[in-house]
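Undergrad: Line by line, the protein sequences give chains Y, V, A and E. Residues 1 to 231, numbered by the working numbering, are exactly what the first sequence covers, in order. Residues 1 to 289, numbered by the working numbering, are exactly what the second sequence covers, in order. Residues 1 to 345, numbered by the working numbering, are exactly what the third sequence covers, in order. Residues 1 to 269, numbered by the working numbering, are exactly what the fourth sequence covers, in order.
These are computed hints drawn from the structure, not numbers from a lab. Backbone N, C-alpha and C fix where the C-beta goes; we use that ideal spot for every residue, glycine too. Hints may be right or wrong, so weigh each one.
Unchecked claim - For each label pair, taking beta carbons as the anchor points, the in silico distance ranges come out as: (1) Ala52(V) / Ala163(A): 49 to 55 Å; (2) Leu12(V) / Leu171(Y): 23 to 29 Å; (3) Asp241(V) / Met249(E): 48 to 54 Å; (4) Arg87(A) / Lys104(Y): 29 to 35 Å; (5) Gly248(A) / Trp174(Y): 43 to 49 Å; (6) Arg63(Y) / Val60(A): 53 to 59 Å; (7) Ile29(E) / Leu175(A): 43 to 49 Å; (8) Lys104(Y) / Gly85(V): 32 to 38 Å; (9) Ala52(V) / Thr69(A): 38 to 44 Å; (10) Ala163(A) / Ala239(V): 39 to 45 Å; (11) Lys104(Y) / Ala239(V): 36 to 42 Å; (12) Leu175(A) / Arg63(Y): 26 to 32 Å; (13) Glu176(A) / Ala100(Y): 16 to 22 Å.
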Amino acid sequence: MSRSIALLICLVGGLTMLVSPFLPMATGWANEVTDWFNILAAMAFVLGGGSLLKVQLMRLSARGPGWGYSAVTLLAFVVTLWVGLGKVGVVADASAPAVAWSGKPDDEGSAFWWIYLYVMTPITSTLFAVLAFYVASAAFRAFRAKNLEATLLLVTAFIILLGRTFAGVVLTGWLPDWASGLRLENLAVTIMDVFNTAGNRAIIIGIALGVASTGIRLMLGLDRSYLGGDA
Amino acid sequence: MSGTLDRRWIYLAMMLAVALPILWNGVTGKTFPESPTPPSQACFDAIEALPAGSRVLVSFDYDPASEGELAPMATTFLRHLMHKGLRPVIIALWPLGPTKAEETIANVMKVDFPDRVSGRDYVNLGFQTGNEGVLKVIGTDFRKQFPVDRSGTPVDRLPIMEGITKVGDFPLVITISAGYPGGKEWVQYVSSANPGLVLLAGVTGVQASQVYSYYPGQLRGMLAAIKGAAEYEALVSAAIDGDRVTAPKYTEARRRMAPQLFGHLLLIALIVIGNAMYFAQRRCKAVAP
Amino acid sequence: MSDVIANQSEPTQGRWWIGLFLVIAVLVAIRAGIGEGMGRVYVQTESTSYVSTEGEGGRVSWSAVPGVTEDSVTIDRDVFRTAGQYRAAEAAAPGQQAIRLSWDRTIGLWLAAFFTLAVFSFLAGDNPAYKLTESIVIGVSAGYWMVVAFWETLVPKLLAQLAPDLVKAWCMPNLEGGAFNPVALVPLGLGIMLLSQLTPLGRHVGRWPLAFVIGTFAGLKMVSHVESDIIEQVRATVLPLVVSSEDGSLAAWASLRNVLIVTGVLCTLAYFVFSVEHKGAVGRAARVGVWFLMITFGSAFGFTVMGRIALLAARFEFLFIDWLWLIDPKGERGMSVVAAVMQSG
Amino acid sequence: MVLGAEASFLNPDKLLLLVVLAATCGCIIASMVAARAGSVPRIRRIAGLEAVEEAVGRATEMGRPILFVPGIQDMDNPMTVAGITVLSRVAGTAAQYDATLDVPVSRSLVMQAARESVQAAALQAGQPDWYDPERIRYITDEQFGYAAYAAGAMARDKPAACFYMGCFFAESLILAENGNAIGAIQIAGTAETAQLPFFVASCDYTLIGEEFFAASAYLSGAPDQLGTLRGQDIAKGLIALALVGGVVMATMKVLSPGAVPASPAEVAP
Chain Y
1 MSRSIALLIC
11 LVGGLTMLVS
21 PFLPMATGWA
31 NEVTDWFNIL
41 AAMAFVLGGG
51 SLLKVQLMRL
61 SARGPGWGYS
71 AVTLLAFVVT
81 LWVGLGKVGV
91 VADASAPAVA
101 WSGKPDDEGS
111 AFWWIYLYVM
121 TPITSTLFAV
131 LAFYVASAAF
141 RAFRAKNLEA
151 TLLLVTAFII
161 LLGRTFAGVV
171 LTGWLPDWAS
181 GLRLENLAVT
191 IMDVFNTAGN
201 RAIIIGIALG
211 VASTGIRLML
221 GLDRSYLGGD
231 A
Chain V
1 MSGTLDRRWI
11 YLAMMLAVAL
21 PILWNGVTGK
31 TFPESPTPPS
41 QACFDAIEAL
51 PAGSRVLVSF
61 DYDPASEGEL
71 APMATTFLRH
81 LMHKGLRPVI
91 IALWPLGPTK
101 AEETIANVMK
111 VDFPDRVSGR
121 DYVNLGFQTG
131 NEGVLKVIGT
141 DFRKQFPVDR
151 SGTPVDRLPI
161 MEGITKVGDF
171 PLVITISAGY
181 PGGKEWVQYV
191 SSANPGLVLL
201 AGVTGVQASQ
211 VYSYYPGQLR
221 GMLAAIKGAA
231 EYEALVSAAI
241 DGDRVTAPKY
251 TEARRRMAPQ
261 LFGHLLLIAL
271 IVIGNAMYFA
281 QRRCKAVAP
Chain A
1 MSDVIANQSE
11 PTQGRWWIGL
21 FLVIAVLVAI
31 RAGIGEGMGR
41 VYVQTESTSY
51 VSTEGEGGRV
61 SWSAVPGVTE
71 DSVTIDRDVF
81 RTAGQYRAAE
91 AAAPGQQAIR
101 LSWDRTIGLW
111 LAAFFTLAVF
121 SFLAGDNPAY
131 KLTESIVIGV
141 SAGYWMVVAF
151 WETLVPKLLA
161 QLAPDLVKAW
171 CMPNLEGGAF
181 NPVALVPLGL
191 GIMLLSQLTP
201 LGRHVGRWPL
211 AFVIGTFAGL
221 KMVSHVESDI
231 IEQVRATVLP
241 LVVSSEDGSL
251 AAWASLRNVL
261 IVTGVLCTLA
271 YFVFSVEHKG
281 AVGRAARVGV
291 WFLMITFGSA
301 FGFTVMGRIA
311 LLAARFEFLF
321 IDWLWLIDPK
331 GERGMSVVAA
341 VMQSG
Chain E
1 MVLGAEASFL
11 NPDKLLLLVV
21 LAATCGCIIA
31 SMVAARAGSV
41 PRIRRIAGLE
51 AVEEAVGRAT
61 EMGRPILFVP
71 GIQDMDNPMT
81 VAGITVLSRV
91 AGTAAQYDAT
101 LDVPVSRSLV
111 MQAARESVQA
121 AALQAGQPDW
131 YDPERIRYIT
141 DEQFGYAAYA
151 AGAMARDKPA
161 ACFYMGCFFA
171 ESLILAENGN
181 AIGAIQIAGT
191 AETAQLPFFV
201 ASCDYTLIGE
211 EFFAASAYLS
221 GAPDQLGTLR
231 GQDIAKGLIA
241 LALVGGVVMA
251 TMKVLSPGAV
261 PASPAEVAP
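Model the full structure from these sequences, guided by the hints.
TA: What follows is the structure, given as structure tokens:
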């Protein structure tokens, strides 16, 4: 029963959104539904936070290896929630200096801002930067001229890497104007403009078909794994 | 297999290839010359072609994570616009965009163009939620989405907004974009719908491969990654400073090109070594089965 | 493949790690002892006073005024100042208190440097510093996004719709409109259903909101993908295979370009055909399609590398410029250690 | 004015969209119905999907866990939903082999959906006790916070098989390179075009774009689901026809006598 109702909700919701762009009366619906989703996702944080607390508390109480790290995670989580929800150190907004809670939680000088600037930003942006190293090791390993396909991948990456720095100018800058299309920086532009455009377009069209087909499978209930097992 | 190469050697090499040029550059202050590619030149030309006093919509569609690539573009765009006597109207589709815009305004307008007044010569209208929804609305009604500027003054009272009712009233639109919503959405919802409007985009390297397919049709010019920023920076410096020394804040992108060059060269060397190892090993196998 | 590159990091090397951290600490200490030092953050307090005026319809608006008056409200904000500004202020008036060292921000800067190094250290292998950083970032970021969701979504989009007057008085003084919006009860109901599974009763009701989300977004995304991807991409690919230039002659390069794009799109589409084996004509087209895919991936790889190196450079700049004060390309401190050492030597 | 009344009911500038949408859905639904009636298509080999069982089997043999990452976006993203449907197939196989399956997620709603789908798969495989909700846990919404966890967990737990199925951004390479460093079999699938090169370079198998969306239908083996794949192919054929027709017409326009030189906008989209 519960599953049948769920499938019905899925079908009706999907069909409504499918016809809404064609009905002038339904123009705001997509934005409305997106808002609802965001609210739902925000409320779902209770579930996520609960899972996080449960897993870390279990580790902490079991005193297994590394339980100290669980304590650190818990502490970091609770402190961040507290200073953020409580707007610790936030001064009132300039548009309403008399309303104490009017400031944004991440205004400069607040505790939440401090955590964002000095804890979250350095860690996340360094993790982002670490990609430069991973790119190097991936390129070293994967770009081998084993066959025609791999060679194409390799040569293209080569041209782009060279063409997008001063090295390209040094290597092929001497080519005369009538052959300027062969200069590395211009070759890089041609690859982007022609091959990359064609490849990306076909991938994008294919994805759109895949999304449509998946959507139909979900709406018709062919694929209902997300609804769980028991009746 | 042909022995083992600890991947940590690769990491160490990359660390040196990026760190040493930064130090070298910080000490000597030298940068590499840049020769502009057509997309960057097109950006420069599109701005040069506007008569003084024209209003230009500039959208800050990025956050601190992409600052390394995009902040130099934003700085140079605003510098170029102010130098030409153009009037930027700044908006943002990313929540942290207005903060980045304020930083750039403090850096460029307040220091080098102190006579320009907010509200008359430039304005920051802040951020609006809704992603491409915002773009659809400003296509017909600009003031509905951006009724007040960042300090709360109604747009109707700002001289710079006189006569602007929709996005098509701007002759030129610039987006500085790190992802979604960004360059692609501006093309789809603004450039396609307003044939007379010129759209320029400054994008990250990751975005470039997707946005490239719109150049030079719906997208008149684009700055692709830090290289595009460096080229455009060089063009603007040459036009404004001539032979004089450019202030350090206007050479940021060109400074970043030194680590970029050595990083790329290292990658190329790694690919070459990897292939040499691969072929050497294949030959060994062929000889001794 | 993985035996070509081995990562021989075993947890046996605890001592090695302690040694490495000690070396870094000693180097930093040496650096701190040279010249002007390193890693300090300065601030200045800016006080602004505001007075209120009542406009039409009883709307109160606040504006900044130069001095403090009886009915004004003053707000103090600390803003960043550079070391160069601090030195200039000290030179003008030694012992001044306007621009001063900020302890909390200085500690923050050192913490940020520690975290940066700790993340880099993971490249050499898992270690206690990375584990500590990892456990901190998990806790902090989970809390961060919950706080953002609360203030950016739940308050303005749910609470402000249900109880506008309360929210306006509490934290959103600029809230416009201000009538109870019954539509907001729908997401509230969905949310309650979702959370009801924490109780034994809600096991069945809890999946309805999920079905709602999956159904509506399946429909929504279907429309937007067909519209912006199928229709727009096909439209952009409808190109003449022969292009004539201004004077009527054949534009060879532009023609070739169009031929390549059209061929590329068709062949790559052939690669994605599922219900026909890749043999014969489809197989040949799919093979060419794979070539186009490989070139696409190669170019995307090359372009992305640029961005990643720029990000790495930005992290090194943070360490060298903001923390270690080794170089000063932006001229914020008026001098750099390397330059100072070279001048004195 | 009958016309006016119609126009106000149906948005006229959306007519093309309506036609294309109806044609696409029509192809897919018709093929599905045909497959139910007995005309089941033969689907070509997709290497990455044939390796799923092998990867799960290897993890079982080695006594090491399997890691499944359903992307870092929420349930409003079709890639996440596709990732969850693939998860249910992988979980079914893992339950049969009694292998350990770890599913760290970065969204609360995804955690909910993943739990439901893994539990259902365990039931279907006849192993209801194999399901452990604590193995499907929420880490953090933050992209790199999640990546930090995944990288650390890989270095410590050393999973033998890693699946990355969903929507990925820059963290794709952090996951794939760390998985590669510990020697895991890695199978990735995404429609995020910018990340495909990295998965192709670092994983053993990568499902590219549409292949990824086809994965759950392929793995299910159900006739009606396989039918939808043929429907996609028919739609693809129609798109190719429309494209060729358009190109021929555009070319004729240029070649016809008295044709004006193409404007730049027509030459370069």
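Undergrad: Against this structure, judge whether each hint is valid.
TA: Against the structure, the hints:
Taking the beta carbon of each, Ala52(V) and Ala163(A) are about 51 Å apart, inside 49 to 55 Å as hinted. The given range of 23 to 29 Å is respected by Leu12(V) and Leu171(Y), whose C-beta atoms sit roughly 27 Å from each other. Distance hint check for Asp241(V) and Met249(E): the Cβ-Cβ separation is about 52 Å, which falls inside the suggested range of 48 to 54 Å. Look at Arg87(A) against Lys104(Y): about 33 Å separates their beta carbons, and that is inside 29 to 35 Å.
The hinted range of 43 to 49 Å is not satisfied by Gly248(A) and Trp174(Y), whose Cβ atoms lie roughly 34 Å apart. A C-beta distance of roughly 57 Å is found between Arg63(Y) and Val60(A), which places it inside the suggested range of 53 to 59 Å. Hint check: Ile29(E) to Leu175(A), Cβ distance near 47 Å, so the stated range 43 to 49 Å holds. Checking the proposed 32 to 38 Å range against Lys104(Y) and Gly85(V) shows it holds: the Cβ atoms sit about 35 Å from each other.
For Ala52(V) and Thr69(A), the Cβ-Cβ distance of about 42 Å falls inside the hinted range of 38 to 44 Å, so the restraint holds. Between Ala163(A) and Ala239(V) the beta carbons are some 56 Å apart, a value that contradicts the proposed interval 39 to 45 Å. Range check, Lys104(Y) to Ala239(V): Cβ separation about 39 Å, and the 36 to 42 Å hint holds. Between Leu175(A) and Arg63(Y) the CB atoms are about 49 Å apart, so this pair departs from the stated range of 26 to 32 Å.
Look at Glu176(A) against Ala100(Y): about 21 Å separates their beta carbons, and that is inside 16 to 22 Å.
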